[in-house]
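If you're matching positions, the sequence shown starts at 1 in full-length UniProt numbering and goes up one per residue.
Think of the hints as simulated: they come from the structure by calculation, not from any bench.
C-beta: ideal position from N, C-alpha, C; glycine also.
Now the in silico label distances, taken between C-beta atoms and shown as ranges:
| hint | residue 1 | residue 2 | range |
| --- | --- | --- | --- |
| 1 | GLN82 | ASN194 | 32 to 42 Å |
| 2 | VAL153 | PHE229 | 11 to 21 Å |
| 3 | ASN113 | VAL44 | 26 to 36 Å |
| 4 | ASP75 | LEU140 | 28 to 38 Å |
| 5 | SER218 | ASN95 | 27 to 37 Å |
| 6 | CYS45 | ASN194 | 41 to 51 Å |
| 7 | ARG59 | ASP103 | 21 to 31 Å |
| 8 | THR39 | CYS88 | 19 to 29 Å |
| 9 | ASP256 | CYS88 | 37 to 47 Å |
| 10 | ASP54 | ASN113 | 13 to 23 Å |
| 11 | GLU221 | LYS183 | 19 to 29 Å |
| 12 | GLU180 | PRO21 | 50 to 60 Å |
Using 20 Å as the maximum straight-line C-alpha spacing, the simulated DMTMM-like pairs for lysine to aspartate or glutamate come out as follows:
| hint | residue 1 | residue 2 |
| --- | --- | --- |
| 13 | LYS167 | GLU221 |
| 14 | LYS170 | GLU142 |
| 15 | LYS85 | ASP103 |
| 16 | LYS31 | ASP62 |
| 17 | LYS246 | GLU221 |
| 18 | LYS85 | GLU36 |
| 19 | LYS240 | ASP253 |
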Amino acid sequence: MESNSNPNSVEGESRNWLELPVDVTSMILQKLGPVEILTYAQYVCSSWRKICEDPLMWRVIDMRYPCDWWDMDYDLEEMCRQAVKRSCGELIHINIEHFGTDDLLRYITQSCNQLSRLRLVYCNRISDEGLIEAVSKLPLLEDLELSFCSFNVETLGTLGQNCPGLKSLKLNRQFYRRVECDKGALAIADNMPNLRHLHIFGNNLTNRGLEAILHGCSALESLDLRQCFNLNLAGQLGAKCSEKIKDLRLPHDPTDDYSSSKSKKRVEIQLTK
1 MESNSNPNSV EGESRNWLEL PVDVTSMILQ KLGPVEILTY AQYVCSSWRK ICEDPLMWRV
61 IDMRYPCDWW DMDYDLEEMC RQAVKRSCGE LIHINIEHFG TDDLLRYITQ SCNQLSRLRL
121 VYCNRISDEG LIEAVSKLPL LEDLELSFCS FNVETLGTLG QNCPGLKSLK LNRQFYRRVE
181 CDKGALAIAD NMPNLRHLHI FGNNLTNRGL EAILHGCSAL ESLDLRQCFN LNLAGQLGAK
241 CSEKIKDLRL PHDPTDDYSS SKSKKRVEIQ LTK
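Model the full assembly from the supplied sequences, consistent with the hints where possible.
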């Protein structure tokens, strides 16, 4: 019996990525990181180069790379500057992990005052003064994450005063159990009245701090208190939280869906000749 299989079928099913419509190609390239685009993708062909130079490709810049970035062959800070420059002021969301300086943050905010979301994780080379200066230039900032950074409580209060439109705050850190401190919670309560979403994973606030947040941030819709082990929510305060907050995560709730730094999955595109 003769086989009906075509020896060229596998080759025939190969996708010629260079022949895709521009909008589809743009969508695929956006799944790559800035480093991959700037070092590889833009050099594939002239059409890809044109797409990679479009400011709309750079409205979201995700510089989320492993903590051993210093072993990479690239200067991530310089790559980030190039990406920001390509946005031509259209940048609305930037994510920086494991690197970054005051100078970089200053460059970003001077170039892009349309920024509405800023995420800084393990950015210990950014100072309190640098963060305050940068945020003061972002009138449209609504979403801020400062995870595993070393900013002080006074800075947190100043950020709230400079960002009256702030709606979402993620302030995640690790702490030593039984070290009680409500300064951060009070800074949030006193200076961020328009918050809708608050994520304070691993915070050392007590019931006093939580009471202040519920009173000062009356518009809260979601509140993540996981790993906040100084809280006692067995009584009226717990009932108040459940009644007031639509999406509530309690101190002992599972943390399977939480990661301090979810590295981007590597996207590979094979080109056919």
